[in-house]
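Chemist: Residues per chain, in single letters:
There are 4 protein chains.
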Amino acid sequence: MAYWNVDKIKYVGTGDKKSGLGFQYYNPDEVIGGKKMRDWLRFAVAYWHTFDQRLVDPFGDGTAIRPYDKYTDPMDQALAKVDAAFEFYDKLGVDFLCFHDRDLAPEGDTLRETNKNLDKIVDKIVAYQKTSGMKVLWNTSNLFTNPRFVAGAGTSPYADIYAYSAAQLKHSLEIGKRVGSENYVFWGGREGYESLWNTDMKREQEHAAKLFHMAKDYAKEIGFDAQMLLEPKPKEPTTHQYDFDAATTIAFMKEYGLDKDFKLNLEGNHANLAGHTYQHEIRVAREAGLLGSLDANQGDKLIGWDIDEYPSNLYETTAAMTEVVENGSIGPRGGLNFDAKPRRSSFEPEDLFYGHIVGMDSFAAGLRIALAMKADGYLDNLVKNRYSSFDTGIGADIESGKATMAELENYSLDKTQAQLRAATHSDHLEQIKDTINHYIVQTLK
Amino acid sequence: MAYWNVDKIKYVGTGDKKSGLGFQYYNPDEVIGGKKMRDWLRFAVAYWHTFDQRLVDPFGDGTAIRPYDKYTDPMDQALAKVDAAFEFYDKLGVDFLCFHDRDLAPEGDTLRETNKNLDKIVDKIVAYQKTSGMKVLWNTSNLFTNPRFVAGAGTSPYADIYAYSAAQLKHSLEIGKRVGSENYVFWGGREGYESLWNTDMKREQEHAAKLFHMAKDYAKEIGFDAQMLLEPKPKEPTTHQYDFDAATTIAFMKEYGLDKDFKLNLEGNHANLAGHTYQHEIRVAREAGLLGSLDANQGDKLIGWDIDEYPSNLYETTAAMTEVVENGSIGPRGGLNFDAKPRRSSFEPEDLFYGHIVGMDSFAAGLRIALAMKADGYLDNLVKNRYSSFDTGIGADIESGKATMAELENYSLDKTQAQLRAATHSDHLEQIKDTINHYIVQTLK
Amino acid sequence: MAYWNVDKIKYVGTGDKKSGLGFQYYNPDEVIGGKKMRDWLRFAVAYWHTFDQRLVDPFGDGTAIRPYDKYTDPMDQALAKVDAAFEFYDKLGVDFLCFHDRDLAPEGDTLRETNKNLDKIVDKIVAYQKTSGMKVLWNTSNLFTNPRFVAGAGTSPYADIYAYSAAQLKHSLEIGKRVGSENYVFWGGREGYESLWNTDMKREQEHAAKLFHMAKDYAKEIGFDAQMLLEPKPKEPTTHQYDFDAATTIAFMKEYGLDKDFKLNLEGNHANLAGHTYQHEIRVAREAGLLGSLDANQGDKLIGWDIDEYPSNLYETTAAMTEVVENGSIGPRGGLNFDAKPRRSSFEPEDLFYGHIVGMDSFAAGLRIALAMKADGYLDNLVKNRYSSFDTGIGADIESGKATMAELENYSLDKTQAQLRAATHSDHLEQIKDTINHYIVQTLK
Amino acid sequence: MAYWNVDKIKYVGTGDKKSGLGFQYYNPDEVIGGKKMRDWLRFAVAYWHTFDQRLVDPFGDGTAIRPYDKYTDPMDQALAKVDAAFEFYDKLGVDFLCFHDRDLAPEGDTLRETNKNLDKIVDKIVAYQKTSGMKVLWNTSNLFTNPRFVAGAGTSPYADIYAYSAAQLKHSLEIGKRVGSENYVFWGGREGYESLWNTDMKREQEHAAKLFHMAKDYAKEIGFDAQMLLEPKPKEPTTHQYDFDAATTIAFMKEYGLDKDFKLNLEGNHANLAGHTYQHEIRVAREAGLLGSLDANQGDKLIGWDIDEYPSNLYETTAAMTEVVENGSIGPRGGLNFDAKPRRSSFEPEDLFYGHIVGMDSFAAGLRIALAMKADGYLDNLVKNRYSSFDTGIGADIESGKATMAELENYSLDKTQAQLRAATHSDHLEQIKDTINHYIVQTLK
Ligand SMILES: [Co+2]
Ligand SMILES: [Co+2]
Ligand SMILES: [Co+2]
Ligand SMILES: [Co+2]
Ligand SMILES: [Co+2]
Ligand SMILES: [Co+2]
Ligand SMILES: [Co+2]
Ligand SMILES: [Co+2]
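Residue numbers (this note's numbering), protein chains in the order written: chain A, 168 to 612; chain B, 168 to 612; chain C, 168 to 612; chain D, 168 to 612.
Derived by calculation from the structure, the hints in this document are not laboratory data. Please note that the accuracy of each hint is not assured.
Copies of the same chain are indistinguishable here, so a pair counts whether it falls within one copy or spans any two.
Think about it this way: if two alpha-carbon atoms lie no more than 20 Å apart in a straight line, the pair counts; the simulated DMTMM-like pairs of lysine to aspartate or glutamate are [stated by the list, open to error]:
no.	residue 1	residue 2
1	K421	E373
2	K369	E493
3	K427	D392
4	K185	D543
5	K175	D257
6	K237	D428
7	K383	E576
8	K291	D543
9	K344	D243
10	K185	D547
11	K202	D228
12	K291	E280
13	K551	D367
14	K369	D426
15	K287	D240
16	K421	E454
17	K344	E576
18	K177	D224
19	K387	D367
20	K468	D206
21	K551	D564
22	K291	D219
23	K383	D547
24	K551	D276
25	K202	D236
26	K291	E493
Using the sequences and the hints, build the whole thing.
Modeler: Here it is, written out as structure tokens:
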């Protein structure tokens with residue numbers, strides 16, 4: 168218990184302007200909207216960004232100062248990281264963790280050796296789970312960092328790499344079962360193309376679909392009952408990634424019969440890179456019944472790459488949580504995983520706490536605001552009224568399928584321009600934006 | 168025959184560096200790749216941009232000088248435009264035209280009056296078709312310009328507007344039948360949202376799907392056998408348009424059972440606004456078996472709105488035509504419609520000819536280059552070799568579904584890092600790009 | 168007093184979540200930070216967007232419903248608009264207006280006729296100013312809408328157009344004197360290029376600079392003592408506009424000796440289109456001593472064109488007002504002009520009030536928050552501490568110019584990697600972002 | 168002579184469509200436009216991307232296979248790289264190299280140790296220069312990779328880091344003198360900000376300017392007579408880099424009195440990231456008399472980060488070389504440095520040759536095309552005619568400053584709308600684009 172030089176982060180309530188090592192909005196056991204905040208939000212810490220990330224960028228070496236830097240042997244460090252991680256979870260007060268297989272332990276020269284390293288670390292994690300009650304929101308397999316994945320894993324044009332990917336994935340699913348993961352995520356970092364000139368997109372997508380089917384079937388076979396999730400991202404590192412955004416991924420899932428067994432894990436920064444808001448992506452998934460889980464972070468819309476910033480924008484967390492409230496939950500077994508890292512200039516250990524605090528408090532705030540609007544029926548009424556002409560009369564006939572084109576022509580043929588204009592109404596969007604500002608301040612004060 | 172002060176545009180072959188009123192690459196009756204160029208390309212002139220467009224922009228009034236500007240009565244001008252249009256088609260040497268209903272004739276106060284205006288113009292078009300042999304590549308209905316469509320047509324929250332849209336569409340389908348359109352296109356200019364706060368996206372999409380079903384069924388009912396097409400565009404004028412890109416539109420079509428009867432009409436500039444290349448969008452549609460037709464234009468990737476520039480970039484036309492050659496045709500009944508307009512500073516009548524010449528020649532050049540690469544098997548061999556490890560052995564077992572995860576693990580467990588790296592090969596993308604430069608020059612010289 | 172069917176907008180204070188026809192943060196005569204809010208903010212209503220804007224977009228006709236729509240004669244309507252405008256100012260409670268010459272009155276066939284129309288309207292405005300006390304924050308000349316400006320005004324390649332532009336501008340300066348404008352703004356809508364192939368950029372920029380000199384000299388000659396301002400925007404309608412952003416415009420001003428007499432008018436949406444935040448642009452101008460005035464609006468960073476939305480984002484207004492507070496004022500004679508319009512779907516008259524209310528309240532809120540941070544020294548201390556190593560010792564020697572390269576080499580040559588790392592400190596940016604959230608809520612509650 | 172398994176790359180002329188290990192357009196000793204091609208183009212190989220770059224990306228380890236990978240001791244490898252580099256230069260047939268100090272040798276724990284490593288490698292380079300005649304186009308100092316530069320070097324808020332930067336730079340200038348660099352480049356990788364909240368932009372810029380002055384003065388002091396160059400880039404790795412683009416950098420240079428001694432080094436990909444074309448940036452610098460040298464690469468305008476692709480787009484190389492031809496040279500002592508790397512999937516040694524071949528041939532092609540247009544006076548005449556109304560009459564009076572505003576008013580007051588429209592002319596941009604296509608094909612065939 169000497170890794171992190173901070174006390175347990177507690178709920179302190181509002182008042183202080185200066186951000187400190189306490190939560191102002193996240194009060195885990197407070198019941199709002201019929202559930203404890205911890206059950207609405209199901210926060211998870213991401214192993215890679217929190218414990219492995221050295222804060223490198225394409226033009227600079229890592230700046231991070233971490234309490235286990237003194238360990239030089241990779242396995243020693245990997246083991247120390249587990250201790251540090253579970254102390255971190257405890258001090259931060261989260262209930263879930265997430266990890267890639269390769270976050271945990273170094274690779275050996277063969278998969279057999281790699282798996283051996285990995286199993287040793289997983290043993291230690293399982294032991295900690297027993298004493299701490301920590302759960303795994305999801306685990307996944309890193310099929311993009313090693314040079315062998317230069318042209319993808321499930322979409323690699325090289326059969327040996329595909330075979331290796333399936334083998335690596337198999338063990339990762341077995342680990343998922345051991346740690347009791349609620350979900351299993353696939354982010355297709357290199358499942359896309361660098362150039363269309365030499366790419367057989369269809370063959371690659373068929374291969375990927377086959378791998379997803381194999382994974383799902385194998386999970387069932389071994390009794391690993393996690394919810395399977397795909398995570399869209401449009402590009403980076405590839406020129407184009409097949410799981411471009413929620414809608415594209417849904418099209419792929421439908422084409423290959425995956426939409427019954429897979430759902431989506433959505434990330435804010437990825438949404439922006441695809442030209443969408445985070446809310447849009449969540450809405451698309453929600454309405455398709457495919458919202459699985461959320462990667463909580465934010466981008467900078469003036470920056471064209473993935474910055475994985477801790478979420479702090481209350482407009483965005485409010486919008487995201489509005490969708491979650493409407494959905495009843497983040498997803499059947501979903502949560503909010505902080506796929507986020509400190510800025511390269513926030514290189515001290517305590518910045519990992521400040522980052523999670525702003526992230527957790529911003530989403531807790533978003534939840535409070537979304538529930539306040541829900542309680543007042545504010546947005547519900549806006550929407551209900553706006554579409555009310557479809558609830559009766561010709562509108563109802565249209566919705567029921569009763570109205571034919573000929574009938575609609577007959578209904579419309581002699582309506583004047585003025586009559587038609589009168590059927591439309593102002594959306595008063597400026598008033599809506601002002602009202603949302605008021606909800607934020609009045610709810611959080 | 169006094170509208171356009173130019174002679175018929177003829178094929179003159181290469182040689183002149185200065186662009187003149189002749190084609191250097193488009194030789195309509197030349198047979199290449201087993202078909203006449205005119206049958207590969209099926210060029211169409213867009214009524215709206217060519218005859219109606221005044222070259223306005225958000226900060227400026229129209230600059231266009233057109234030969235029918237002297238007519239001040241809207242119907243007189245509409246009638247004169249038909250004469251001018253058919254003279255233009257004849258002089259340019261195209262076989263197809265495209266139009267929206269509202270391109271042709273002014274609206275009256277009621278749909279009944281509007282339809283009357285419209286029918287009079289259509290009568291004249293039909294008469295011209297008989298004497299000229301001109302065909303209609305597609306027609307469509309303008310459901311976005313009039314203020315009544317402020318919140319959409321098929322996705323309008325106002326039942327009376329939806330009803331009117333269906334009524335307007337009904338007549339547009341009837342016109343399609345009269346003029347013998349090969350396709351019928353839907354571009355959902357306002358079928359999207361300004362804000363998610365007040366939008367019931369699902370209800371709107373269900374309404375839109377219903378309208379598409381109605382349209383398809385009514386077309387069948389009246390014996391109008393056009394191919395139905397949806398045209399994606401991500402945004403503008405809306406914040407988000409439902410038919411964002413090819414993949415999103417395919418997801419929508421599959422969700423609502425439209426993928427059997429509808430295909431896609433794809434535009435280059437729209438592709439760019441969605442973050443894609445034109446080639447990408449065509450590939451997505453082609454591989455899904457949903458390529459219907461093409462709107463031939465180009466964007467400026469540094470500009471964030473739709474500029475609908477005449478295509479001139481030989482890299483882009485080559486890439487597009489490579490997909491078309493692979494597909495065997497642009498689509499079952501598709502063609503290349505110039506959804507393109509002169510720059511606002513190219514305001515003279517002859518600029519309409521120069522614009523179409525650079526567009527037609529650039530696509531004719533792209534066809535020639537694509538066929539040259541096909542004849543040499545250049546790209547085909549690249550792709551065949553790249554994926555050859557899936558043609559036999561473990562790769563074939565993977566594709567056939569014979570290989571289980573356990574077998575793949577067994578196959579991979581003791582492979583060394585070096586062995587796996589050796590299974591991957593350089594893509595030599597720099598050499599490919601250089602080769603494409605050579606194909607362009609050597610084919611077109 | 169029958170144009171706008173609303174009562175005077177009053178300060179009502181916080182409490183209501185639903186936005187109504189009252190201010191929650193803008194209390195004009197409240198003294199904060201040593202000045203009345205009205206004197207800090209100097210809000211202006213833009214004639215073009217508020218009274219002329221029909222809410223058109225590139226794909227749709229105007230939707231706006233305005234109380235003077237019944238007037239069909241252009242001059243009658245122009246006269247009625249003045250009545251409506253001054254009633255609007257009064258009801259909204261602003262002290263300033265802004266206008267282009269062509270906002271006020273229709274063009275005649277010649278400049279002489281146009282000026283006559285214009286003078287008649289200006290007479291009426293001047294009369295209203297006397298009774299109401301309304302001031303003009305700035306006026307300007309519309310040198311971009313008419314087709315004659317197709318290739319620019321001050322940068323037109325056509326001498327007759329340049330001459331005309333100077334003539335139009337001359338009268339506009341005279342009007343500025345009559346109405347007592349505090350500033351005179353130049354937005355170079357078409358002062359840029361569509362293509363570099365046919366553009367002599369240097370010659371065009373020299374022409375523009377000459378026109379700015381002429382204008383400044385003529386203003387002096389007639390005793391019109393307004394502050395001259397240039398307004399940057401990167402593109403739209405042009406491919407590239409010469410006044411791309413603050414830094415580019417400053418480079419131009421310095422090159423042509425304009426930096427003594429001109430300052431900058433900066434707009435939020437324009438900043439985003441240039442890849443910058445609004446705060447960045449204001450900072451650049453402020454530190455160069457060239458901050459003149461502000462166009463208050465916001466963009467949508469996922470949208471690639473100018474949407475001129477009413478400002479509602481409290482992060483952005485806080486950042487902008489932080490710069491203003493640091494500067495002591497918006498500029499020597501500057502103010503906040505709402506270069507903003509309702510969404511096309513907010514087409515009713517009262518939306519003009521809601522739009523201004525959210526804009527005014529958001530900037531008033533930003534002012535309150537910025538002053539709260541100032542009062543606490545929050546940001547000042549952050550910055551002071553961060554650079555403190557330059558206040559003494561080697562840092563002070565560097566700043567004073569005393570330290571030579573050789574001395575700095577000597578100072579550094581044997582410092583270890585660890586010693587150098589120890590000289591750097593975490594920026595704790597996550598904590599800063601969290602603190603700003605708290606300032607927003609705690610100040611506005 | 169065993170590092171690279173290829174023969175000398177020779178000029179083979181056009182004909183082959185498949186790109187091979189020969190130049191089709193670059194014929195170094197061919198005289199065109201009055202100079203040898205090698206003297207027009209002055210190609211340089213970048214040490215970092217060619218010999219150091221491991222082809223990593225943010226989600227993947229390096230894939231590069233390099234002939235000196237067998238050396239595990241850093242200094243052994245650094246020495247072997249020099250042998251490999253000079254063999255590469257010879258086989259490729261370039262006359263220039265470029266490097267950062269840290270490209271050459273590993274850092275020690277102190278600057279003293281680092282310099283010792285570095286000097287040893289520079290000794291070897293100098294020896295090779297004597298036997299080979301290879302020249303250094305420019306050298307520079309890497310002040311961004313090491314964690315100590317987390318907040319910049321010349322703009323670091325930490326005086327010790329600033330001091331160290333000056334010290335490192337001092338030695339780098341001394342090396343420049345030893346190797347006889349034609350230019351010395353500053354790319355301010357981290358000279359910008361992550362957040363404005365804690366940044367004193369003005370103080371940072373003053374510090375940077377001081378460092379540039381020191382560097383220039385020290386170079387003079389030691390008799391190192393290189394042309395000093397600043398290289399703009401808008402962002403990445405920082406949120407905002409002070410040298411955003413050419414115009415911004417010029418503003419900075421003018422503000423701090425650097426415009427007499429410094430010029431610009433411009434990069435294609437950086438131009439795009441700033442929202443500009445490469446041609447635009449070169450034009451801006453050229454017209455300001457500040458064009459120094461060029462970093463030859465290209466971006467993908469649909470990708471939001473720096474990809475440093477080898478140039479292959481003939482439109483872009485033609486546009487760039489058109490500016491160079493107009494300028495008479497790339498710059499007083501400039502050249503074309505390939506700041507470019509193979510795609511991560513082009514990981515074999517020969518891809519380094521293919522990359523440079525497509526780059527060199529594309530720029531050689533651009534030169535040929537630009538000279539062909541120049542010889543025909545094609546663009547010159549376009550421009551001359553477009554502005555001819557300023558050569559005589561009222562236009563000449565405007566340019567000479569003779570025309571007053573009053574005279575211009577008098578000249579314009581009674582001109583009709585039609586007369587003014589008649590003073591404008593179509594730009595025929597579509598014809599221009601078509602003509603450029605013809606120049607490309609007809610020149611290169
Ligand atoms: Co993620
Ligand atoms: Co991410
Ligand atoms: Co289109
Ligand atoms: Co378009
Ligand atoms: Co503005
Ligand atoms: Co604007
Ligand atoms: Co560079
Ligand atoms: Co670069």
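Chemist: Return the numbers of the hints above that this structure violates; sort them in rising order.
Modeler: 6, 8, 9, 11, 18, 19, 20, 23, 24, 25 and 26
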